[in-house]
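J.: Given the sequences, and given the hints that come with them, work out the whole structure.
Protein chains: 2
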Amino acid sequence: MKRIAFLLIAVAAVVGLVAFTPPAPGHADGEAAPIFGVTIPPGYRDWKLISVAHEAGNNNDIRAILGNDTAIKAYREKKLPFPDGTIIARLAWRYVPSEENNKVFGRDQSFVAGPPINVQFMVKDSKRYAATGGWGFAQFKDGVPAENAVLAPCFPCHVPGKAGDFVFTHYAP
Amino acid sequence: MKRIAFLLIAVAAVVGLVAFTPPAPGHADGEAAPIFGVTIPPGYRDWKLISVAHEAGNNNDIRAILGNDTAIKAYREKKLPFPDGTIIARLAWRYVPSEENNKVFGRDQSFVAGPPINVQFMVKDSKRYAATGGWGFAQFKDGVPAENAVLAPCFPCHVPGKAGDFVFTHYAP
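Just so you know, the protein sequences line up as chains A and B, in that order. Residues in the first sequence are numbered consecutively from 1, following the numbering used here. Residues in the second sequence are numbered consecutively from 1, following the numbering used here.
Keep in mind that the hints are not guaranteed to be accurate.
Below, simulated EDC-like cross-link-like pairs (lysine to aspartate or glutamate); rule was C-alpha separation at most 20 angstroms, straight line [unchecked claim]:
1) B/K141 to B/D46
2) B/K73 to B/D84
3) B/K78 to A/D46
4) A/K162 to B/E99
5) B/K73 to A/D46
If you anchor each label on the Cβ, the simulated ranges turn out as follows [unchecked claim]:
6) A/V144 to B/A163: 32 to 38 angstroms
7) A/G161 to B/K127: 48 to 54 angstroms
8) B/K79 to A/E100: 15 to 21 angstroms
9) A/G143 to B/P83: 28 to 34 angstroms
10) A/P160 to B/N58: 31 to 37 angstroms
11) B/P173 to A/C157: 24 to 30 angstroms
12) A/E31 to B/N58: 44 to 50 angstroms
13) A/K79 to B/K127: 42 to 48 angstroms
14) A/E31 to B/P173: 18 to 24 angstroms
15) B/E77 to A/Y44: 17 to 23 angstroms
16) A/A149 to B/A130: 56 to 62 angstroms
These aren't lab readings, by the way, just hints derived from the structure by calculation. Just so you know, even glycine gets a beta-carbon here, dropped at the ideal spot from N, CA and C.
T.: In structure tokens:
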């Protein structure tokens with residue numbers, strides 16, 4: 001039932017966005033992600049750290065979650081909902097054992113960031129993305145945006161995190 | 001034999017540092033770590049990300065490695081050895097499953113940063129820390145520096161990383 005509800009929200013979100021979102025602007029920094037029209041924010045790799053995580057299973061990644069200054073300020077002040085202009089970046093790398101580190105430790109215990117998988121962004125714009133909790137979602141692999149089918153489930157999956165303004169990541173002190 | 005060699009280097013390093021390092025300066029930001037006299041660098045939590053890792057075993061942590069601007073510049077330019085002034089910060093948090101995230105994924109796969117464990121720093125000063133490859137080492141838990149016994153093995157453990165100027169962490173693109 002929960003899955004069906006999610007699916008319905010997903011479909012509604014896609015239909016809503018296709019109907020009401022202005023065409024994605026062209027952007028010097030690269031192609032805009034479909035549906036939400038999000039481009040890669042310049043300089044995101046230099047943003048401050050929110051937290052880190054490991055997703056096992058099919059993801060098999062280790063990840064860093066970074067935020068622009070608006071995001072970091074809101075996190076540190078425990079301000080919810082996140083203000084417009086907030087951008088959260090999730091950088092994922094392949095989760096790989098480090099033989100070099102394991103040798104030093106004398107046992108298999110070290111896992112590090114391997115090749116990059118992709119980068120995802122959540123962009124807060126309460127008016128533009130009103131149909132999806134105020135958030136626009138994007139994913140890029142080597143600068144190439146993911147297709148609609150990839151982005152459509154983003155918001156439905158984030159709905160259980162509504163109490164935290166649809167954001168799962170907590171700030172790591 | 002390798003372990004004995006490490007131990008000898010450790011003892012030599014400690015003896016050398018006790019003999020030749022000037023007294024640790026007092027510092028407004030907190031107590032200096034023993035042996036190397038390293039204090040907590042102001043604003044390190046805002047530094048840019050170098051990479052992330054998970055250490056299983058006794059460590060049981062998930063960690064972010066951040067660098068000051070000198071460190072990041074050297075990493076990005078693949079410049080070795082790291083120039084004086086480089087500081088690398090290793091922030092470790094308890095490696096904990098996220099029930100909140102697992103519910104969303106529908107399976108146990110998500111591990112996040114729990115309570116902070118400690119913060120370590122490597123500070124490059126090729127003259128001051130000549131006896132330990134040019135690096136001073138420090139560890140702080142809740143602002144309190146670790147004792148000599150904790151810091152003495154730092155350099156010997158980093159010796160296998162000599163080709164990378166005693167630094168194990170690679171930059172995650």
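J.: Among all the numbered hints in the text so far, which are the ones the structure does not match?
T.: none
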